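**Student:** Line by line, the protein sequences are chains G and U. Mind the numbering: the first sequence is residues 562 to 968 in this note's numbering, read in order. Mind the numbering: the second sequence is residues 263 to 365 in this note's numbering, read in order.
Some clues are possibly wrong.
Stated by the list, open to error - Partial list, derived from the structure: chain U residues whose beta carbon lies under 8 Å from chain G:
| no. | residue |
| --- | --- |
| 1 | G316 |
| 2 | I324 |
| 3 | P345 |
To be verified - Covered stretches of chain G (in silico footprint by chain U; criterion: 3 or more residues with CB under 8 Å from a CB of chain U, positions within the stretch not fixed):
| no. | stretch |
| --- | --- |
| 4 | 877–891 |
| 5 | 933–942 |
Note that these hints are calculated values from the structure, not bench results. Model, not experiment: these values are computed from the prediction. Here a beta-carbon is modelled for each residue, glycine too, at the ideal position from N, C-alpha and C.
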Amino acid sequence: MPETYVVAGANLAGGTAAATLRGDGFEGRVVLVGEEPVAPYERPPLSKEFLRGEAPFEKALIRPPDFWDANQIECRFGSRVARIDVGSRQAILDDGEAIRYDKVLVATGLRNRTLGVPGAHLGGVHTLRTVADAEAIRAHAAGATRAVVVGMGFIGAEVAASLRLCGLEVVAVEPLPAPCYRALGPQIGAVVAAIHADHGVKMHLGESVDAFEGGDRVERVVTGSGMRIDCDVVVVGVGASPVTDLLEDEGVHLENGIVVDEHCRTNIDGVYAAGDVANHLHPLVGHHIRVEHWQNAMKQGAAAAKAMLGSTEPYDEVHWFWSDQYDANIQSAGHVSDWANPVIRGDLESRSFVAFYLRDGWIEGAVALNRGRDLRRCIALMKSKAVVDPAKLADPDTDVRSALATV
Amino acid sequence: MGEPVILCPADAVPDQQMKAFPVGSDQIAVARVDGELYAFDDTCTHAACSLADGELEGATVICPCHMGQFDLKTGEVLDGPPPDPISVYPVQETDGKLTVELD
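Hey, can you work out the whole structure from these sequences and the hints?
**Tutor:** Okay, structure coming up:
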């Protein structure tokens with residue numbers, strides 16, 4: 562009897578996992594189940610080139626359309642794994658079908674948070690996660706002149722940039738002191754704020770939203786301090802929560818997502834998790850960590866598939882992500898536990914720099930603006946936790962790779 | 263056979279480095295790795311960044327914007343977000359100049 566592996570979540574993590582199972586020679590049954598009615602695709606373009614109408618959806622597919630059939634991956638797009646019964650090893654779909662599995666990978670990703678304020682249900686108030694969301698925003702933005710973006714995390718900041726590039730007036734409302742504050746810290750957050758200001762985004766920082774008002778469609782946003790901002794379309798980007806309902810009450814350790822070890826295994830035999838939903842014991846970071854990055858979704862999806870096939874290699878990629886806003890290419894690697902006193906190579910004013918954040922002498926994290934080569938070069942130093950010389954790191958004429966401290 | 267195009271003096275591309283040159287409306291990059299020359303489209307197929315601004319790791323070029331990786335011997339995508347390979351071209355060092363043969 563051939564084995565059956567079920568992947569719940571037909572996204573970058575789940576799709577990459579299914580493809581890796583086949584690529585690494587698994588000959589059993591692979592079933593890939595995903596709520597959206599389309600083949601797995603990458604989400605980064607949804608807030609950028611796809612939103613602006615510059616790239617077709619097909620360009621975002623993670624594999625060519627015929628890949629799944631050609632590799633005998635059974636696809637259930639437009640279905641959802643409603644529940645996993647770990648006792649009987651069955652994945653139960655929302656239409657009632659039960660699929661008996663030998664191993665299951667949960668890559669269900671995230672669900673957007675919404676604002677529990679009056680008017681949040683009005684037409685023209687959007688969140689962004691799926692291609693359908695992006696199409697809806699695009700359709701509303703096409704006839705609009707004034708947009709409000711609520712929440713200037715990466716999705717909000719990228720949407721604000723894209724809507725400006727499409728010619729809309731954009732007002733942003735963000736409760737924290739700077740855009741992308743949690744991921745980039747106060748200093749780089751201020752640089753991002755300046756970039757948006759240069760491009761004409763009117764930003765209200767330290768400001769919350771009390772209500773959306775309008776008839777059928779949103780007409781204005783009322784803020785915590787009483788401002789009333791007239792608008793035609795709103796995009797809310799206030800974060801997302803891991804989708805774990807399918808494992809409720811099954812004895813799987815759930816805490817900030819699905820808790821897995823360094824091999825993407827949960828505490829229950831045969832149940833794995835990867836991608837945005839997985840709270841992973843990262844060997845380099847030294848504790849459990851859950852990230853919502855493109856690179857982690859792809860690499861961890863592949864690593865989980867390999868673990869399902871018996872690999873004993875831990876997943877220990879240095880986390881890395883990018884964000885493109887206007888002409889600014891922001892990249893970040895590693896994890897920063899203290900935003901104070903970064904070593905700066907380049908110049909914040911000129912918007913070409915890397916900020917290195919050191920801990921006990923090694924590079925714990927780095928944020929680069931328009932300086933990808935230097936960021937790439939520091940990743941090996943992060944991975945080895947080599948003690949570096951801050952003066953060499955700061956010196957643009959010294960190769961980052963040779964910035965080791967001399968003992 | 264393609265038209266040979268002189269790109270630059272041979273010493274414009276030292277070992278372990280790469281550089282991009284405008285050819286018509288395109289940018290063609292040349293890399294020299296352990297004495298071997300590679301010519302390729304400088305424009306990443308993902309988001310159109312200049313690959314010559316990225317990193318060389320052996321005969322692999324890594325895009326500076328999103329870490330897409332291409333094999334300079336074949337042009338194929340090795341890692342990262344690029345959807346399509348880049349074109350690679352024959353390149354020679356003759357009479358102190360680098361000459362590339364475009365399609």
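**Student:** Does each hint fit the structure? Answer for all of them.
**Tutor:** Status of the hints after comparison with the structure:
With a least beta-carbon distance of about 6 Å to chain G, the hint placing U:G316 at the interface is held under the 8 Å criterion. Below 8 Å, beta-carbon pairs count as interface contacts, and U:I324 has one with chain G at about 6 Å; its hint therefore holds. Residue-level restraint check for U:P345 holds (minimum Cβ-Cβ distance to chain G is 6 Å; threshold 8 Å). Figure legend: the stretch 877–891 of chain G, annotated as covered by chain U; annotation consistent (4 residues with Cβ-Cβ distances under 8 Å, at least 3 required).
Here's how the stretch 933–942 of chain G fares: 4 of its residues keep a CB closer than 8 Å to some CB of chain U, so the rule of at least three is met and the hint holds.
Checked against the numbered hints above, the structure breaks none of them.
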